[in-house]
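Sequence order for the protein chains is A and B.
Numbered per numbering that gives the first Met the number 0, the first sequence finishes at 157, counting up by one with no gaps.
Numbered per numbering that gives the first Met the number 0, the second sequence finishes at 413, counting up by one with no gaps.
Note that these hints are calculated values from the structure, not bench results.
Nothing here was measured: the structure is a model prediction, and the numbers come from that model.
For every residue, glycine included, the Cβ atom is placed at its ideal position computed from N, Cα and C.
Certain hints may be false.
[What the hints assert, rightly or not] Only some residues are given here: those of chain A computed to face chain B with a beta carbon under 7 Å:
1. Ala58
2. Glu67
3. Cys88
4. Thr92
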Amino acid sequence: MLRSLNINPDKCTGCLQCEMACSFENEGVFNPAKSRIKIFTFHDEGRFVPYTCTQCDEAWCLHACPVEAIRMNRETGAMEILDSVCVGCKVCTIACPFGTVNYNQTTGKVIKCDLCGGDPQCAQACPTEAITYVDADATGLEKMRAWASKTDNQAHAN
Amino acid sequence: MTYVIVGSGPAGVVAAETICKLDPNGQVVMVGDEPDPPYSRMAIPYLLINNIDEQGTYLRKDPEHFGNAIKHVHGVAESVDAEAKTLILADGRKLDYEALLVSTGSRPILPPVPGIDGERVTTCWTLEDARKITATLKPDASVVLIGAGFIGCIILEALVSSGANLTVVEMGDRMVPRMLDETSGGLLKKWCQEKGVNVMTSAQVESIDHHSDKAVVKISNDRHVEAELVISAAGVRANADFLEGTEIELKNGAVAVDRYMCSSVPGIYAAGDAACGLDFSTSDYSVQAIQPTAVEHGRVAAANMVRHGSVLHQGCINMNVLDTIGLVSVSYGQWQGVEGGDHAALLDRDRFRYINLQFDGDTLVGANTLGITQHIGILRGLIQGQFKLGKWKQRLMDNPMQLMEAYLAATQGA
Ligand SMILES: Cc1cc2nc3c(=O)[nH]c(=O)nc-3n(C[C@H](O)[C@H](O)[C@H](O)COP(=O)(O)OP(=O)(O)OC[C@H]3O[C@@H](n4cnc5c(N)ncnc54)[C@H](O)[C@@H]3O)c2cc1C
Ligand code: SF4
Numbered sequence: 000m001l002r003s004l005n006i007n008p009d010k011c012t013g014c015l016q017c018e019m020a021c022s023f024e025n026e027g028v029f030n031p032a033k034s035r036i037k038i039f040t041f042h043d044e045g046r047f048v049p050y051t052c053t054q055c056d057e058a059w060c061l062h063a064c065p066v067e068a069i070r071m072n073r074e075t076g077a078m079e080i081l082d083s084v085c086v087g088c089k090v091c092t093i094a095c096p097f098g099t100v101n102y103n104q105t106t107g108k109v110i111k112c113d114l115c116g117g118d119p120q121c122a123q124a125c126p127t128e129a130i131t132y133v134d135a136d137a138t139g140l141e142k143m144r145a146w147a148s149k150t151d152n153q154a155h156a157n
Numbered sequence: 000m001t002y003v004i005v006g007s008g009p010a011g012v013v014a015a016e017t018i019c020k021l022d023p024n025g026q027v028v029m030v031g032d033e034p035d036p037p038y039s040r041m042a043i044p045y046l047l048i049n050n051i052d053e054q055g056t057y058l059r060k061d062p063e064h065f066g067n068a069i070k071h072v073h074g075v076a077e078s079v080d081a082e083a084k085t086l087i088l089a090d091g092r093k094l095d096y097e098a099l100l101v102s103t104g105s106r107p108i109l110p111p112v113p114g115i116d117g118e119r120v121t122t123c124w125t126l127e128d129a130r131k132i133t134a135t136l137k138p139d140a141s142v143v144l145i146g147a148g149f150i151g152c153i154i155l156e157a158l159v160s161s162g163a164n165l166t167v168v169e170m171g172d173r174m175v176p177r178m179l180d181e182t183s184g185g186l187l188k189k190w191c192q193e194k195g196v197n198v199m200t201s202a203q204v205e206s207i208d209h210h211s212d213k214a215v216v217k218i219s220n221d222r223h224v225e226a227e228l229v230i231s232a233a234g235v236r237a238n239a240d241f242l243e244g245t246e247i248e249l250k251n252g253a254v255a256v257d258r259y260m261c262s263s264v265p266g267i268y269a270a271g272d273a274a275c276g277l278d279f280s281t282s283d284y285s286v287q288a289i290q291p292t293a294v295e296h297g298r299v300a301a302a303n304m305v306r307h308g309s310v311l312h313q314g315c316i317n318m319n320v321l322d323t324i325g326l327v328s329v330s331y332g333q334w335q336g337v338e339g340g341d342h343a344a345l346l347d348r349d350r351f352r353y354i355n356l357q358f359d360g361d362t363l364v365g366a367n368t369l370g371i372t373q374h375i376g377i378l379r380g381l382i383q384g385q386f387k388l389g390k391w392k393q394r395l396m397d398n399p400m401q402l403m404e405a406y407l408a409a410t411q412g413a
């Protein structure tokens with residue numbers, strides 16, 4: 000059974016532990032600016048919303064890549080960037096309608112959440128269970144994906 | 000069922016693969032006129048600077064990828080006999096089809112300038128072109144680039160990082176006039192000039208005189224530049240000429256298709272740069288000539304070739320991303336704005352950062368950005384999702400950088 004990140008903004012206190020854990024795991028530094036998961040702050044509403052890639056079925060990034068540098072990890076279901084193949088053209092960053100593929104100017108490649116190979120450090124680090132790693136069926140990610148069905152050509156063609 | 004696909008670029012390859020999935024018993028023949036395995040033109044700039052080798056440009060890395068399911072034939076399509084349902088190749092071979100896909104892409108057009116057909120002039124379109132350019136391109140080589148459109152600007156980066164002394168000649172009044180507005184196109188010009196590129200806008204190449212060791216490029220207003228290499232990137236045209244004289248209707252030089260990617264002749268479909276397809280933003284039919292559109296066309300066309308009527312094309316959104324010597328620019332949809340719409344912009348001239356949002360009522364319909372790379376795809380999400388932004392429209396008018404927040408509010412009620 001595939002698992003995925005379940006995000007519950009109501010439980011998020013904005014402590015940024017997830018951003019720290021992510022940047023340390025992936026970039027070797029404690030620097031929220033290099034995190035693949037991002038906390039968005041709604042000052043007026045006093046709300047924090049953790050946000051990252053949902054590893055969506057449409058996989059817009061994967062289909063947009065001109066050189067097969069994005070592949071699906073069959074064990075985790077995550078779309079992973081193959082650094083050795085990526086040319087840094089950034090087409091995936093504009094093709095992903097969730098804005099979860101980002102260009103890293105230092106390496107000249109793109110970065111995105113890869114579920115840490117099946118042990119996501121953000122979920123490990125979250126002290127309030129705002130981020131958990133659970134069976135994919137239970138996540139209710141449909142809400143985030145809902146709009147896709149409206150405009151999607153590829154889902155139907157598959 | 001027998002499917003024939005003419006042109007093995009991204010549109011053709013994705014169509015072939017989709018057909019195999021949907022109709023595993025189908026016979027798929029893919030005809031291509033280039034000697035190389037299917038590759039991505041988009042990767043050529045990275046080949047020029049040696050970031051990748053030629054294999055790095057291949058669309059599918061596994062040499063066995065196409066296997067027996069997709070027969071890849073080398074040949075040049077010369078005409079179609081729609082009555083007999085055969086594709087005729089230049090060497091006389093005939094291929095019978097039940098469904099035909101025209102995915103022949105486009106090719107660069109050369110400006111009508113004396114000397115344009117000389118030795119030192121090349122386009123930058125194929126692997127063959129790339130080989131020619133790499134052979135001439137040395138540090139301090141003097142290079143003239145004709146055209147600062149999307150393709151011109153993409154190669155510009157590679158030319159500069161190879162150490163060439165570069166002069167760019169653009170007819171329009173700014174760089175990438177069909178992708179960036181005056182502010183961002185003007186800023187991009189300034190950026191290039193500061194990096195040592197000689198950029199001439201509102202300028203035209205008048206002639207190219209060829210000498211034994213160099214070419215002399217004459218430019219409007221009595222200017223001239225000596226060049227070892229001249230690269231022409233002055234617009235493209237669909238490879239649909241071979242269909243002239245058939246009943247297949249053309250529009251803007253490309254195959255006119257409906258929302259099933261079907262041409263005016265049943266059984267004949269088109270995709271990619273060779274197709275004049277539906278634009279999501281304008282609801283009009285146009286040739287976008289970009290990679291993501293080629294791929295999407297390929298999928299939709301394939302589904303309808305297998306079962307006509309199975310997938311209705313929702314229209315492709317025009318989108319571009321450019322990296323020009325480290326400055327990233329992006330455009331989406333109706334960045335020029337729509338009648339009666341509002342727009343919001345934020346400019347930091349010194350840091351070369353800019354964002355321009357275009358609204359129709361309270362939905363986002365287009366955008367340009369400069370110097371912004373984080374979460375940029377959310378612009379597509381907002382535009383293609385056609386979300387009503389409500390109070391977030393005003394918040395974006397006040398601060399256009401709050402895009403992610405607006406998106407989360409619209410989709411998750413955050
Ligand atoms: C240098 C460069 C950089 C680019 N960068 C970007 C970018 O960053 N982002 C982006 O979105 N787009 C980019 N593009 C554009 C993108 O490459 C095209 O939109 C895309 O290749 C279109 O795919 P296609 O399958 O329709 O056509 P093509 O890739 O052109 O493939 C068509 C194939 O059909 C063959 N063919 C043509 N006529 C015949 C015939 N009569 N018989 C048999 N075969 C035939 C052609 O030789 C070719 O192999 C770039 C293009 C170039 C040249
Ligand atoms: S930036 Fe890399 S991963 Fe993204 S589309 Fe380009 S080559 Fe593929």
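Hints the structure fails to honour:
Violated: hint 1 alone.
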